[in-house]
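Enquirer: Residues per chain are reported as follows:
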Amino acid sequence: MSDDLNTLKQRALADFAEFVNPMKVRTLKAAGIDLIEERRDGACTWDLTGRRFIDCQTGSGIMNVGRHNREIVEALKKALDTYDIGVFLVCSRQKADLARKLAEITPGDLKCTVYGAGGGEAVDAAIKIARGYTMKTEIIYAEKAYHGHTGFALSAIGRAAYKEPFEPLMPGFRQVPFGDARAVREAMSADTAAVILEPVQGEGGINVPPDDYLPEVRRLCDEHEALLILDEIQTGFARTGRMFACEHWGVVPDILTLAKSLGGGLYPISATVFKEEINDFFIPHPFVHLSTFGGSDLGCIVALAVIDYIEKNGLAEHARLMGERFRAGFDRLTAAYPDLLLEVRQKGLMMGLQYTNTSIGPRMTKKLADRGVLAIYTGNDPSICRLMPPLVITPAEVDEVLAALAGAMRELSGEKGLGKDD
Amino acid sequence: MATGAEILEALADYQVQCNENKRLRRMQRDWSRLLHFVADDTGDIFTMDVVQGEIVSYAAGAAGAPDIIVTTASENLCDMFWGDLNPSQKYLQGEIRVKATQEDIVRLDAITMIIWPDV
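Residue numbers (my numbering), protein chains in the order written: chain A, 1 to 422; chain B, 1001 to 1119.
Derived by calculation from the structure, the hints in this document are not laboratory data.
Check each hint, because a few of them may be wrong.
Mimicking BS3-like on lysine-lysine, the simulated pairs with C-alpha atoms at most 27 Å apart in a straight line are [unchecked claim]:
#  : chain 1 : residue 1 : chain 2 : residue 2
1  : A       : K24       : B       : K1099
2  : A       : K9        : B       : K1022
3  : A       : K77       : A       : K101
4  : A       : K29       : B       : K1099
5  : A       : K111      : A       : K275
6  : A       : K163      : B       : K1099
7  : B       : K1090     : A       : K9
8  : B       : K1099     : A       : K366
9  : A       : K416      : A       : K29
10 : B       : K1090     : A       : K366
11 : A       : K416      : B       : K1099
12 : B       : K1022     : A       : K24
13 : A       : K420      : B       : K1090
14 : A       : K24       : B       : K1090
15 : A       : K416      : B       : K1090
16 : A       : K95       : A       : K111
17 : A       : K77       : B       : K1090
18 : A       : K128      : A       : K275
19 : B       : K1022     : A       : K420
If you anchor each label on the Cβ, the simulated ranges turn out as follows [what the hints assert, rightly or not]:
#  : chain 1 : residue 1 : chain 2 : residue 2 : range
20 : B       : G1064     : A       : D422      : 17 to 27 Å
21 : A       : E411      : B       : R1026     : 39 to 49 Å
22 : A       : P210      : B       : E1009     : 33 to 43 Å
Virtual Cβ for every residue (Gly too), placed ideally from N, Cα, C.
The following block holds chain A by itself, in its conformation from the complex (with noise of 0.2 Å):
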């Protein structure tokens, strides 16, 4: 390793430390994940340094055409030669471009869209719409749910250490737990104007519901004239195996929230899309919600070379497949550390690993971070590593985490507070 790439990144660290927080400094370093990013292609990123880290955390999912994506870097580069981000006020051909695309790969009859610049905005706007929609105030959402830290968003998490710091917040608001229809029954009432949920949570541990679970909070939902939100912030762009993880379940959302991977990892866009009767409640107020960079003529451009690149690459196709080589993969280490390894929660790939104990969580992370591999426990359970790779990566690839996964497995077996009591 070069001395000055080295100093240059300790000046990185000491300078965020300083200027942005220490503590989060402190706490990567201690996981072994105090990398400074600086080259980055297909799966993988490389510190500042050179070292080589397969990117299996992607910032829950923002990278699903793969780091530094060329074609969508060319794609943002021919924009910037003619464009910027647009007056959000007026009208723009990138924006109808990508809504009237969404339209079409969107599952059932969502039609219409409203753009924001990340998934909080979004998940706002879609509660907004809800709400502005059928008149009704309450909001049912899921525990150990994350739609964001945004206001609508936050108060919709469920995660009490999000919230306490800033409560009171929105009121209306009821949780209740995940894959559960008939909590989702009982919690619903005359003012129930959405339900709230993640078709898989990724922060709350890779939940996947029961089979019959979106179904029936569907029928619910038309049953008591409430709408169905379904966040595919990170669940959506074919992580799961299809373009979108409701797809799995035939269920149309009647509002379906999109970001991450929307931009492709190059530029911040994020979009609520819903069917086109509820448009009739921007109809008389248009201008009701803005968003001065949501849908910016850049992040359009990005967005449509995004989904191009999904579909003409059959990413989808490609997240299963991969998806099936994880698992194989998976079960081996199931059997290698029945005492370690408790269970595999896996929809193509957006997979958790959940181990014995909560410190196995961060400890896996640092072992795997001293492997080249970037995975880190999710925030609401530590006991689950979660593995969201870009959908491009290869089966050489897949291979590599599961030998650094192996790795990091065989010498944790050989350490002190392993047991569930730990």
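Given the structure of chain A, go ahead and fit chain B onto it with the hints provided.
Expert: Same frame as chain A, but now just chain B:
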């Protein structure tokens, strides 16, 4: 191996370090927890009561229902309270076990960082 008396001496210093640090007290003013520290080689247990960021008491023995249980070798407990070891590193090596929420684990490490920034 550290004796109970040595750990209590380290705890006394830790209490002073924490309570006299104005920045830490302000930072932790929303944090009240009962902690048990267990020395797994000697069997000694110590209880610490933190109320709104202030260590109001500590004593040998297990008192009350703890919010947080920290288990490690007696020597590690001593070193931790003297600021001679990085608890995060020991936690990630499995040498310190903590039964607590993720947020509380970070809080404990934040205390160390504020008192001993170089540890």
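Enquirer: Now look at each hint and say whether the structure bears it out.
Expert: Okay, the hints, checked on the actual structure:
1. Under the criterion of a C-alpha separation no larger than 27 Å, the hint pairing K24/A with K1099/B is consistent with the structure, at around 21 Å.
2. For a cut-off of 27 Å, the pair hint linking K9/A to K1022/B is broken: about 32 Å separates their Cα positions.
3. With a C-alpha separation of about 21 Å, the suggested pair K77/A and K101/A falls inside the 27 Å cut-off, and the hint holds.
4. Distance check on the hinted pair: K29/A and K1099/B sit about 22 Å apart at the alpha-carbon level, within 27 Å; holds.
5. For the proposed pair K111/A and K275/A, the alpha carbon gap of about 5 Å is at most 27 Å, so the pair holds.
6. Note on K163/A and K1099/B: the hinted pairing holds, with a Cα-Cα distance of about 22 Å set against a maximum of 27 Å.
7. For the hint pairing K1090/B with K9/A, the CA-to-CA distance comes to about 24 Å; that is within 27 Å, so the pair holds.
8. Straight-line distance between C-alpha atoms of K1099/B and K366/A comes to about 20 Å, which keeps the hinted pair within the 27 Å bound.
9. Proposed proximity of K416/A and K29/A is supported: the alpha carbons are some 21 Å apart, at most 27 Å.
10. Restraint check: the Cα-Cα separation between K1090/B and K366/A comes to about 12 Å, which is no more than 27 Å; the hinted pair holds.
11. Taken as a hint, the K416/A and K1099/B pair is honoured in the structure, with Cα atoms around 14 Å apart against an allowance of 27 Å.
12. A threshold of 27 Å between alpha carbons decides the hint, and for K1022/B with K24/A the separation of about 21 Å falls inside it, so the pair holds.
13. This hinted pair checks out: K420/A and K1090/B have alpha carbons roughly 19 Å apart, not beyond 27 Å.
14. Using a Cα cut-off of 27 Å, the hinted pair K24/A and K1090/B holds, with the two alpha carbons roughly 18 Å apart.
15. For the hint linking K416/A to K1090/B, the alpha-carbon distance of about 11 Å falls within 27 Å, and the restraint holds.
16. Note on K95/A and K111/A: the hinted pairing holds, with a Cα-Cα distance of about 13 Å set against a maximum of 27 Å.
17. For a cut-off of 27 Å, the pair hint linking K77/A to K1090/B is broken: about 47 Å separates their Cα positions.
18. Simply put, K128/A and K275/A have alpha-carbon atoms about 15 Å apart, close enough for the 27 Å limit, and the pair holds.
19. This hinted pair does not check out: K1022/B and K420/A have alpha carbons roughly 38 Å apart, beyond 27 Å.
20. Range check, G1064/B to D422/A: about 22 Å between beta-carbon atoms, so the 17 to 27 Å window is met.
21. At roughly 41 Å, the beta carbons of E411/A and R1026/B sit within the given window of 39 to 49 Å.
22. About 56 Å separates the C-beta atoms of P210/A and E1009/B, a value inconsistent with the hinted range of 33 to 43 Å.
Against the hints set out earlier in the document, violations occur for numbers 2, 17, 19 and 22.
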